[in-house]
Amino acid sequence: MEIGVVFAGFGGQGILLAGKVLAQAAMERGFEVTWLPSYGPEMRGGTANCTVVIADEPVGSPIVDRPQILVAMNGPSLERFGPRVAPGGTIIFNASLVSAPFARADVRLLPIPMNAIAQELGEVRAANMVALGAVVKVLGLFPLEAVAEALSKELGARGRERLLEVNRQALLRGFSLA
Amino acid sequence: MKVLMRGNEAMAEAAIRAGCRTYFGYPITPQNEILEYMAAHLPAVGGACVQAESEVAAINMCYGAAAAGVRTLTSSSSPGISLKMEGISYLAGARLPVVIINVMRAGPGLGNIAPAQGDYFQATKGGGHGDYRLIVLAPSTVQEAAELVMLAFELADRYRVPAMILADGMLGQMMEPVELPPPIPPERIPPKPWALTGAKGRPPNVVSSFDLDPHRFREILRGLWDVYRQIQRDEVRWEEYQTEDAELVLVAYGTMGRICRTVVRRARREGLRVGLFRPITLWPFPSEPLRRLSARVPVFLTVELSAGQMWEDVRLSVDGRAQTPFYGELGGVVPTPEEILNEVKKYVRG
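For the record, the sequence lines run as chains A and B.
FYI, numbering that gives the first Met the number 0 numbers position 77 of the first sequence as 76, with every residue one higher than the one before it.
FYI, numbering that gives the first Met the number 0 numbers position 170 of the second sequence as 169, with every residue one higher than the one before it.
To be clear, the hints were calculated from the coordinates, so they are not data collected in a lab.
Quantities reported herein were computed from a predicted structural model and do not represent experimental measurements.
Zero decoy hints are in this set.
Lysine-lysine pairs mimicking DSSO-like chemistry, simulated, CA-CA at most 27 Å apart: (1) B:K1 <-> A:K152; (2) A:K136 <-> A:K152; (3) A:K136 <-> B:K1.
Chain B residues, not near chain A, derived (Cβ > 10 Å throughout): (4) A39; (5) A43; (6) A67; (7) K124; (8) D130; (9) E153; (10) P203; (11) D210; (12) Y227; (13) W237; (14) Q241; (15) G307; (16) G319; (17) R320; (18) T323.
C-beta: ideal position from N, C-alpha, C; glycine also.
Take the sequences, apply the hints, and build the full model.
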């Protein structure tokens, strides 16, 4: 078993953090895992993406050409990575920001209004956690609690109680919509 | 306890745990996290981190700190390592045990910041001027990167030979679970009686790579090459994976080494008898174990993120006893396991 997950969006949407929290959760649940960010000039004000590989044996390449799961948090990310998703895979996209139609019959398309949900929860920056909640459901490898724990760990000293609670709510909303 | 860490950060932390107390560097992608980590963490253990005005300055600061007997690190990426090469030659000549991390990117020239392995020749065959070698260690996981940094400091000190970690952008940037080795207590680091610590009460020490008398200099270099031969005898490291019954052995190091491990597993699932030979020390190159293997393995497929550099050492080791084809990628492109497996199938059938 080796599953590649690509998170992509604008710089500032918490793309790298979402991937890191997923990788952390998978590690704590005993999986082999790698996390690889896009690095260099494209991170400045442009797009950001990262790839997480979760496996039950040591990961060879952290680079994934055909991810099983794509999280596209904006339109350009869906256009860029959507065609690469492996047949039978899942594309979770941000229905709040993606307006252009995207059609593929051989993958599951999962529109989630990530920004709208995050705004409802009073914290627009939690849109990435809505996406992550959906990823955990689609993966079906470990409970949502594993990710919530990893998030608390990651936020650490930064994690004010209110922020943690909002992020937990965001995870739950994404999970229940997937 | 396993922690999720970037390769660059794990190498920096391992250096601190190895007793490194001075770091001198100049920023370049994809290894900036090493400088950042050292700036954040070295002062807390009483060390010093200096962002120098250039790579040339940084490597010469290393010369000074190492001459004073302090465990010293610098790091850069390919173009920056080229700039450091004059200084590295001086370190080799003066027998200064500095550890150098090269997080390789694609070259020549400015190239790009993607992972590549085009600096093999530079690292293992000289790179700087003169008759010298570096100990060159090539990690293939974040775990191994941390462990080899610790080893690099130990070997550099033991032999008074500079050591290089040859990593690449992928290994530097990726996060992976790592169990960090425990710190080495300062009293466990062997003393350096040759260091320039102030000559009060003892004859002065000399640290230099300079001697105008050819005969005297020849004797110094003969002594150095005795040390190199000892390293070649005692410090060769490699990993073999499923080579016992292999009809084809992949030869790959670092990032390509880990990807080829996946290729071996997939090939085996398809009934192909494929193994992996992964050099961990690139210098000294594991020629002898590869030579032994070539007595019974008919094909060695070398895979590199270059046009074929380690390939030359593979061919020298196999020395015509087996086929030695090559598969590589250029410019920072990393081949997928599928692409390599397709190449493997040109030589073996299930």
